[in-house]
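Generate the whole structure from the sequences, applying the supplied hints.
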Amino acid sequence: MSVQTIQHKKSAHADPSILARYDELLRACLQKSDEDTLSRAHQFGRDMLDQGYGVLDIVALHHRAVGPLVDPEASVDLAMDQDTAARVLLEVLTPFEMTHRGFRVANTSLQESEERFRELFENANDMLFTTDLAGRLTSFNRAGERLSGFSRAEALAMDLKDLFTEAASSAPMVFSDLQQRELEMIGRDGRRVVLEISTRPLLADGREVGMQGIARDITDRRNAATALRHLNGHLEDKAKRIAHALHDEAGQLLATVYLRVAEISGELPALGRRRMEELRTLLDQVDDQLRRLAYELRPTILDDLGLVPACQFLAEGVSRRSRVRVLVKGTTGGRVAPDVETALYRIAQEALGNVGKHARARTATVEFERKGKSLRGSIRDDGIGFDVDGVLSRVGPQGLGLMGMRERVVALGGNLTVRSSPGKGTSVEFDVPLES
Amino acid sequence: MPAQLGPDLVEVLVRLAGEEGLVEARRQGRLLAARTGFRETDRAVIAAIVSELGRNILLYGASGEIALAVVELGQRIGVRIAARDEGPGIPDIMRAMRDGYSSVGRPGLGLPGVRRLADEFEITSAPGRGTHVVVTKWRS
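Quick note, the sequences are listed as chains A and B, same order. According to our numbering, the stretch in the first sequence is residues 1 to 436, in order. According to our numbering, the stretch in the second sequence is residues 1001 to 1140, in order.
Keep in mind that a hint or two might mislead.
[Said to hold, decoys possible] Lysine to any residue pairs mimicking SDA-like chemistry, simulated, CA-CA at most 20 Å apart:
no., chain 1, residue 1, chain 2, residue 2
1, A, K32, B, L1031
2, A, K161, A, L128
3, A, K32, B, R1030
4, A, K32, B, E1020
5, A, K32, B, E1019
6, A, K32, B, E1024
Because the hints were derived from the structure by calculation, they are not lab data.
So this is what it looks like as structure tokens:
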């Protein structure tokens, strides 16, 4: 037997036998209010509940039963009994609490959590939305209004795809869990906003009823990355031009000086010729320096032969100067975009420079691996390592070097991780997308 | 592991073998609640919890005991009620905790009802091992 099947809507105060029972109970309590009578009151309430009566029935019953007792002609002294009558009513009603309180608490907490959710939804900085299975927007928060320029009412009459450029909206909108995509949204005023968007199915009772999603404005982030990439390109151009000037123009001048020195040498007596020889040695050093400087500014081998040969050349130089054995492994799978080659070369240069200066390593390895549409790699050493967070939190040349490496990779839409701890060597790992 | 009442915490222990024990347990519960500073309505709630737990013992376990204690946790103070019986135990607790379930033909208001009235509720039972219910009601 369940509570639901119990006959309902009986009128308790109209049922003489129930009224009589309550009246008797009340009188018993008024005469002797102890746990025994209170226990009977509890049992009475429980029986009423079992029989399908409600709280209002009990209150009406109480009113009917107490009425005659309030009569001044009544035999019971009522001065002390208002409290007792109330206590009886409380006792009779308590079993009803057992069925109601839970619902009341559950309802309150449900309401609270709904309110909290609504608040979070509304005040989120990111655009939050849901759609039905057909892709029509079914909810849209304030950030969505701000980013798109569409009011909620307008948005709720649209498909999610309507918000995006044609190229973006031709892609499937439901992405697998946790997968992120960058899509370009066209605002109401035609303004374009780059969103990083992730969605997942919206479930109700285990069935898919639509989609929920979150989108973040990454226009600024993207613009900053583009600006940085342009800046890097610009600096590389400058470096290339200076390298040219050093190598070609200064080199030409130097060549002329060599010729002149040779001519003059021939006309001089032995002593003067020896002095001229010393001058030639100095000139050799200048020539050497100029070449190295030009090369460091812009290694022609990078433009001519590509990243791996350039890194090999770099590695030989480092090995010679610092006695760290440097190996270059792997392949880039053919030439890749010039800005990627430049960035990764600069990173290898910076990292190997650090190895030579600080690491006290025996060996270092530069490695490249082509993985689908991305180029991954690392520069590792077996040196003394360092505290990465410590260096990054200090503003100093070393920290700037690490940040510079990261910025170069981020500007290309990739990732760079520096791992090191004292005594454990250092690794710089990067992952750069190749298509653009 | 259910939160058992340690022996030093037991303030009152009432053996239950019939209606009289039940009324005594209610009286002790109400008294302890009053001493702990519960309002009248919550004293009635504590008496109701004791009633339902006691009734459960009498219905299913035939005999058992109810232990009552004052508990303190940080700033909070409350009453803890533990009911133990040596009855057949409940084979399916999840089912027993659903509204409307009873194996002896009465609406199973008891345990689900107690859970609603209480702030904390723990039950352990297994066939042949009796049933232990520990309930805490904090003073608001």
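Are the Cα positions of A/K32 and B/R1030 separated by 20 Å at most? Within the cut-off at roughly 17 Å; holds.
Is the straight-line distance between the alpha-carbon of A/K32 and that of B/L1031 20 Å or less? Given that 20 Å is the threshold and the Cα spacing comes to 17 Å, the pair holds.
Decide if the proposed pair is consistent with the structure: A/K32 and B/E1020, CA atoms, cutoff 20 Å inclusive. holds, 17 Å
Pairwise hint evaluation, B/E1019 against A/K32, where the allowed Cα distance is 20 Å at most: holds, 18 Å
Keeping to a limit of 20 Å between CA atoms, is the pair of A/K32 and B/E1024 held or broken? holds, 16 Å
Take a quick look at whether A/K161 and A/L128 sit within 20 Å of each other, Cα to Cα. holds, 15 Å
The structure is consistent with each of the numbered hints, conforming to all of them.
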